[in-house]
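Trainee: Okay, here's what each chain looks like letter by letter:
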Amino acid sequence: MSTPAFADAAPSSAARAAEVWASLGSVTDPELDEPVTELRFVTGIEVDAEGRVHIGFRLPTYWCAANFAFLMADDMRAAVSSLPWVRQVTVDLRDHMYSDTINQGLARGHSFKATFAEEAADEDLDELRRTFRIKAYQRRQEAVIRHLLDRGWAVTDILDLDLPHLATLPIADPETLKLRDRYLEIRREWGGTSDNAFTSAEGEPVTPATFGEYLSLLRRVRINTEFNGHLCRGLLQARYDDAPTEGEPTLADFIAGRVAKREMGGHDQCRK
Amino acid sequence: MFKTAEGEEIFIIDGHTHLWDGSKANQKNIHGAQFIDCFYGYHTALSPKEYVWPKEKFDNYGAETMYNDLFVDGYDDMAIFQPTYLKDFYVNGFNTIEQNAVLKEKYPDRFILNGAWDPRDGEAGIEALHEQVEKYKIKGCKLYTAEWKGASKGWKLTDEWAQRYMAECVKLGVKNIHVHKGPTILPLNRDAFDVADIDDAATSFPELNFIVEHCGLPRLDDFCWIAVQEPNVYGGLAVALPFIHSRPDYFNQVISELLFWLGPDRLLYGSDYGIWSPKWLVERFMAHELPDTIKKDKGVDLNLEAKRKILGLNAAKLYDIDVATHRARITGSAPARAEENTMAQVAEAIGD
Numbered sequence: 001m002s003t004p005a006f007a008d009a010a011p012s013s014a015a016r017a018a019e020v021w022a023s024l025g026s027v028t029d030p031e032l033d034e035p036v037t038e039l040r041f042v043t044g045i046e047v048d049a050e051g052r053v054h055i056g057f058r059l060p061t062y063w064c065a066a067n068f069a070f071l072m073a074d075d076m077r078a079a080v081s082s083l084p085w086v087r088q089v090t091v092d093l094r095d096h097m098y099s100d101t102i103n104q105g106l107a108r109g110h111s112f113k114a115t116f117a118e119e120a121a122d123e124d125l126d127e128l129r130r131t132f133r134i135k136a137y138q139r140r141q142e143a144v145i146r147h148l149l150d151r152g153w154a155v156t157d158i159l160d161l162d163l164p165h166l167a168t169l170p171i172a173d174p175e176t177l178k179l180r181d182r183y184l185e186i187r188r189e190w191g192g193t194s195d196n197a198f199t200s201a202e203g204e205p206v207t208p209a210t211f212g213e214y215l216s217l218l219r220r221v222r223i224n225t226e227f228n229g230h231l232c233r234g235l236l237q238a239r240y241d242d243a244p245t246e247g248e249p250t251l252a253d254f255i256a257g258r259v260a261k262r263e264m265g266g267h268d269q270c271r272k
Numbered sequence: 001m002f003k004t005a006e007g008e009e010i011f012i013i014d015g016h017t018h019l020w021d022g023s024k025a026n027q028k029n030i031h032g033a034q035f036i037d038c039f040y041g042y043h044t045a046l047s048p049k050e051y052v053w054p055k056e057k058f059d060n061y062g063a064e065t066m067y068n069d070l071f072v073d074g075y076d077d078m079a080i081f082q083p084t085y086l087k088d089f090y091v092n093g094f095n096t097i098e099q100n101a102v103l104k105e106k107y108p109d110r111f112i113l114n115g116a117w118d119p120r121d122g123e124a125g126i127e128a129l130h131e132q133v134e135k136y137k138i139k140g141c142k143l144y145t146a147e148w149k150g151a152s153k154g155w156k157l158t159d160e161w162a163q164r165y166m167a168e169c170v171k172l173g174v175k176n177i178h179v180h181k182g183p184t185i186l187p188l189n190r191d192a193f194d195v196a197d198i199d200d201a202a203t204s205f206p207e208l209n210f211i212v213e214h215c216g217l218p219r220l221d222d223f224c225w226i227a228v229q230e231p232n233v234y235g236g237l238a239v240a241l242p243f244i245h246s247r248p249d250y251f252n253q254v255i256s257e258l259l260f261w262l263g264p265d266r267l268l269y270g271s272d273y274g275i276w277s278p279k280w281l282v283e284r285f286m287a288h289e290l291p292d293t294i295k296k297d298k299g300v301d302l303n304l305e306a307k308r309k310i311l312g313l314n315a316a317k318l319y320d321i322d323v324a325t326h327r328a329r330i331t332g333s334a335p336a337r338a339e340e341n342t343m344a345q346v347a348e349a350i351g352d
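So the protein sequences, as listed, match chains S and X.
Take the first sequence: its position 219, counted from the start at 1, is 219 in UniProt numbering, and no numbers get skipped.
Take the second sequence: its position 342, counted from the start at 1, is 342 in UniProt numbering, and no numbers get skipped.
Do not rely on the hints blindly, as some may be mistaken.
[As the list claims (entries may be wrong)] When the alpha-carbon atoms are kept at most 27 angstroms apart in a straight line, the in silico DSS-like pairs for lysine-lysine are as follows:
no., chain 1, residue 1, chain 2, residue 2
1, X, 307, S, 113
2, X, 279, X, 296
3, X, 156, S, 113
4, S, 113, X, 149
[Unchecked claim] Covered stretches of chain X (in silico footprint by chain S; criterion: 3 or more residues with CB under 8 angstroms from a CB of chain S, positions within the stretch not fixed):
no., segment
5, 31–41
6, 214–221
Derived by calculation from the structure, the hints in this document are not laboratory data.
Model, not experiment: these values are computed from the prediction.
Even glycine gets a Cβ: it sits at the ideal position worked out from N, Cα and C.
Kindly produce the complete structure, drawing on both the sequences and the hints.
Mentor: This is the structure:
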């Protein structure tokens, strides 16, 4: 490659890092149902002129479940690999008990089972993914139902609502709009084929008679998820001592390598 | 002892305390370092700022500090020691019954010693359990199903050997089985969050009480479901309680679910000391009131009667503590700060 072309690589690599960042936004922590980018699990993105991508990945503790860690890393690899210019993706999990095992397993294209052949013979990652996808469905659904209840909707009106009407319901508040759209997105995967806006994950209808009990189930799911969410955020911040000052770190932080640098500091300390 | 504004005394049994040595000198490997680091994360993430310790103190605070934080500065009247061995991570173990026994010997009215067992120790472990009963008169034990042992990364109460140990507990009168079911290390092929094995054990051993530490969080729904069906299942509030400071709304949701499903008779206060300190936990818990909306929606209340049960009376029942007698003993012989020298000797004796 000639020198002028290489000089051109700088702005384009920043643009490509931005593309990587955007595509990582579609990868969620299955337990928390939040994007890994918003959870501040992604510490840095490096893109070289050959289309190779290096992603720094961290978790709130050394002990975080290896199955979830693997799942997220594998999802990141898959999401970024789908970008047309990407030739190779390295996901680099740091400061985790199984950093080396997971990084090597992914680099070799191994499955979770093959990577953890000894420890996880029975582990079915697809089943795990399914379980937590259902919880995500329930949590997103609860947020929308709660919104409607707060707006004075009667239970019967909520249960009569169909998908086309939910999809076109005028909503002014952008946060609520996001909740609705996230629910509609997962409703395409779960909840059966009926037109009802609100069904159980398995597609069973909810009736006025079962509504109270059903809602209390959804609430317990939310309580569990929130427990994890609060702890994960608190532990991550305690571990790396880098609380977000003005909201979450911006893309600019990542492109400029500011977050990655801070993370490296933590990394060094951990190994001493 | 906590006194309300009206002068009413609340007898407090702390259901979950530790005296650990997580110091560098005791760490066997990086896992030992990361284990105490993770605990410190919990400590800093959920404690009020003024109660956050420097890391060095947290690693190994010693017997003297513990006594002071629980009974002098704090409101605990008694405390239950829950050992956590972790011998694969720490040279002398993290928090063993032998270490705890030194404090128990010095303050017999203050501490309740619990033992520990691991079904993977087989026959030898059963013998060790007998020894613990003879030597320390234990009535309870702490089980840590996610603990490592060689190639094994955990076990379940449904394992055949675990069943044998529980049968032995029935025989020996070790009736309170505290099981760590909460945020924990490394659920790999064994899902350590899973509370389903409690269900099986509670049905098979109705003579035993199962205190599910951390209420199975983040599997509160599974835990509540099991607890409703099994009258001998209790919830230990360690880890759930500190949210009362940082996320009171969230704490309200958790405690109201627990009150709704289990009721105030089957919940136990625990500080999880030294992760959190009884002083602020008890002060905030006593000052805490559920919002009217929750009281109305769920039909539950965290009134003085419920608080009294959760803070002490429920544990007293499980451990056969006669509160009136015990209160008199403690107030009559309560060691004060003047004993600090002796406490230093105790610390020395256990190698702090």
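Trainee: None of the hints should be skipped; say for each whether it holds.
Mentor: Status of each hint after checking the structure:
| no. | hint | result |
| --- | --- | --- |
| 1 | X/307 with S/113 | 47 angstroms, violated |
| 2 | X/279 with X/296 | 30 angstroms, violated |
| 3 | X/156 with S/113 | 22 angstroms, holds |
| 4 | S/113 with X/149 | 21 angstroms, holds |
| 5 | 31–41 | holds (count 7) |
| 6 | 214–221 | holds (count 5) |
Hints 1 and 2 from the earlier list are contradicted by this structure; the remaining hints agree with it.
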